[in-house]
Amino acid sequence: MLNIIKTEWLKIKKYPAFWWVMGITALTYPGINYMFHSVYLNITQKDTQRGKILKMLIGNPFSFPEAWHTVAYFSSIFIFIPAIVVIMLITNEYTYKTSRQNIIDGWSRTQFMLAKMIDVLLLTVIVTVLFVIVALIIGYTNTDDHTASRWSMSYYTGLFALQTFSQLSIAFTVGLLVRKSFIALAIFTFYFIILEPIAVNVLKIKFNSGAGQFFPLEISQKLLPKPAFIGRIDEAGYQASLAAVKYHVGYTFALVVLTWFFCFWINRRRDL
Amino acid sequence: MNNIAKSYGKIKALNGVSFEVPPGSVFGILGPNGSGKTTLLSIILDVLSADQGNFLWFGEQSSPEQRKKIGSLLETPNFYHYLSAVNNLKITNSISGRGDAEMMLAVLEKVKLYERRNSRFSTYSLGMKQRLAIAAALLGDPKVLVLDEPTNGLDPVGIAEIRDLILELSKKGHTIIMASHLLDEVEKVCTHVAILKKGTLLTTGDVNDVLVDDDLVEISAADTSVLSLVIKNYCNDIKITRDGNLLQIILPKGTAKLDDINSYCFSKGIVLNHLLFKKKRLEAKFFELTNN
Chain A
1 MLNIIKTEWL KIKKYPAFWW VMGITALTYP GINYMFHSVY LNITQKDTQR GKILKMLIGN
61 PFSFPEAWHT VAYFSSIFIF IPAIVVIMLI TNEYTYKTSR QNIIDGWSRT QFMLAKMIDV
121 LLLTVIVTVL FVIVALIIGY TNTDDHTASR WSMSYYTGLF ALQTFSQLSI AFTVGLLVRK
181 SFIALAIFTF YFIILEPIAV NVLKIKFNSG AGQFFPLEIS QKLLPKPAFI GRIDEAGYQA
241 SLAAVKYHVG YTFALVVLTW FFCFWINRRR DL
Chain B
1 MNNIAKSYGK IKALNGVSFE VPPGSVFGIL GPNGSGKTTL LSIILDVLSA DQGNFLWFGE
61 QSSPEQRKKI GSLLETPNFY HYLSAVNNLK ITNSISGRGD AEMMLAVLEK VKLYERRNSR
121 FSTYSLGMKQ RLAIAAALLG DPKVLVLDEP TNGLDPVGIA EIRDLILELS KKGHTIIMAS
181 HLLDEVEKVC THVAILKKGT LLTTGDVNDV LVDDDLVEIS AADTSVLSLV IKNYCNDIKI
241 TRDGNLLQII LPKGTAKLDD INSYCFSKGI VLNHLLFKKK RLEAKFFELT NN
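These protein sequence lines map, in sequence, to chains A and B. For the first sequence, position 99 matches number 99 in the numbering used here, and the numbering has no gaps at all. For the second sequence, position 192 matches number 192 in the numbering used here, and the numbering has no gaps at all.
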């Protein structure tokens with residue numbers, strides 16, 4: 001196992017595109033949270049009646065403990081950026097035919113796929129650490145009440161990590177099946193940004209069906225419901241979405257297992 | 001290798017191919033384009049799975065551990081384009097366990113890439129990429145090498161260097177399995193050959209047995225047409241081809257006696273102005289076998 005990690009690190013550490021995209025991710029996650037934080041401050045710090053009412057109603061979603069939830073939700077919007085790296089890491093292996101060279105040099109197909117799974121795990125860890133740093137900075141700079149429970153909602157770190165791993169695994173599967181980086185990126189981005197959200201909403205609004213929650217990305221989207229200040233516009237719906245999280249933890253775990261089972265299976269079966 | 005078969009849809013790429021590679025041999029796999037050479041090598045390196053048949057490495061079932069002991073170059077040089085030669089060899093070393101940092105530099109020196117060892121693979125010419133692939137195969141001095149078209153993209157000097165390298169490795173007792181369409185190369189370095197056509201094994205064995213199974217004699221006279229008519233009655237098993245003013249006659253192995261041919265022609269009133277015994281070249285044999 002250590003040898004596989006070492007080999008993957010040799011592949012990644014001098015891969016410029018990896019560091020570029022990680023740099024973009026490192027800017028994007030704080031950036032999106034800073035943006036929403038600024039919007040919040042803009043509205044609530046106005047000395048108007050409306051501003052005061054809003055502040056009273058929504059509280060401060062950027063203070064502890066709700067900061068964990070808010071930052072997790074906003075950060076998760078940009079999952080497609082680390083997904084670019086995941087797709088490139090697998091499609092490069094096919095473009096350069098190094099996937100076959102790794103086998104020729106002495107890896108089994110299972111070891112090759114394990115190496116790729118480690119890449120996805122590594123990215124999940126990096127992105128999660130980034131999330132924790134952003135959440136801590138935003139939480140500490142917005143929490144006046146020293147008695148506030150700073151860690152009570154830190155379990156959102158686990159939910160964020162699970163969602164990230166699940167969605168990056170889907171991106172990986174697209175890369176594995178398509179093998180061409182640009183096509184895989186286009187398919188994943190189109191599906192992530194357009195196709196699935198439309199399909200989920202069409203099912204919900206037109207057919208009054210909840211089947212959309214079992215779509216590959218929506219399954220784990222439900223791990224991070226809209227933050228309280230948005231969700232409470234529909235209090236009943238918000239509570240229901242919070243209650244559904246524990247079920248979606250199970251569904252997401254099942255999806256992750258199925259996704260990787262499929263990836264290992266297809267890699268074992270097909271010619272390189 | 002026992003009864004290896006592989007199909008791509010309706011196309012049979014390999015049709016029950018069986019042969020054994022003697023240890024210490026330089027084994028050439030020959031065949032026209034699309035004859036199944038690379039498919040065969042891909043199967044024994046576990047890149048493709050065979051539809052039927054099996055093969056053994058070192059007398060045992062194939063496994064990743066077995067492949068680690070084999071230096072291989074399959075079809076094209078496969079490396080990470082953004083990494084240098086040294087960093088690519090580090091990956092080869094990390095996966096296979098073959099060689100160490102010192103050996104990496106030694107093999108790069110051997111294939112004349114030492115000066116460019118820190119340049120990215122993407123900046124290499126085709127020949128340099130091929131040299132790096134050969135360096136990776138040589139890493140750790142493996143006892144068995146599988147080389148698919150090893151001289152692809154190399155200049156004449158590079159081709160000669162690879163030929164010398166193969167001969168040097170062969171002298172040291174290494175086993176080399178080599179697919180090539182450069183018959184001249186195969187003829188110069190191989191001790192054994194297998195010839196494939198459309199996925200079927202036509203012949204295999206010691207290169208001298210495969211090569212010299214007929215006698216080839218070149219003759220000419222003032223009137224080639226008359227000579228052609230006369231010589232076809234020389235014996236029953238004669239085959240004649242005409243090349244300009246020269247006639248090439250092929251006789252069963254060991255039956256071509258130049259004195260007898262000369263006397264026969266003279267007795268029929270023909271004076272030969274050219275009479276030459278030629279070892280039948282692999283190229284001729286190859287064309288004959290593959291009907292090209």
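Since the hints were derived computationally from the structure, they do not count as laboratory data. The C-beta atom is built at its ideal place from N, Cα and C for all residues, glycine as well. Be a bit skeptical, because a hint or two may be false.
As the list claims (entries may be wrong) - Which bits of chain A does chain B cover? Going by a derived footprint, with three or more residues having C-beta under 8 Å, they are:
{"id": "1", "segment": "120–130"}
{"id": "2", "segment": "185–198"}
Claimed, not checked - Incomplete in silico selection of chain A near chain B, CB under 7 Å:
{"id": "3", "residue": "Lys6"}
{"id": "4", "residue": "Thr110"}
{"id": "5", "residue": "Trp265"}
{"id": "6", "residue": "Asn267"}
{"id": "7", "residue": "Asp271"}
{"id": "8", "residue": "Leu272"}
Which hints from the list above does the structure break, by number from lowest to highest?
-> Violated hints: 1, 2, 4, 5 and 6; rest satisfied.
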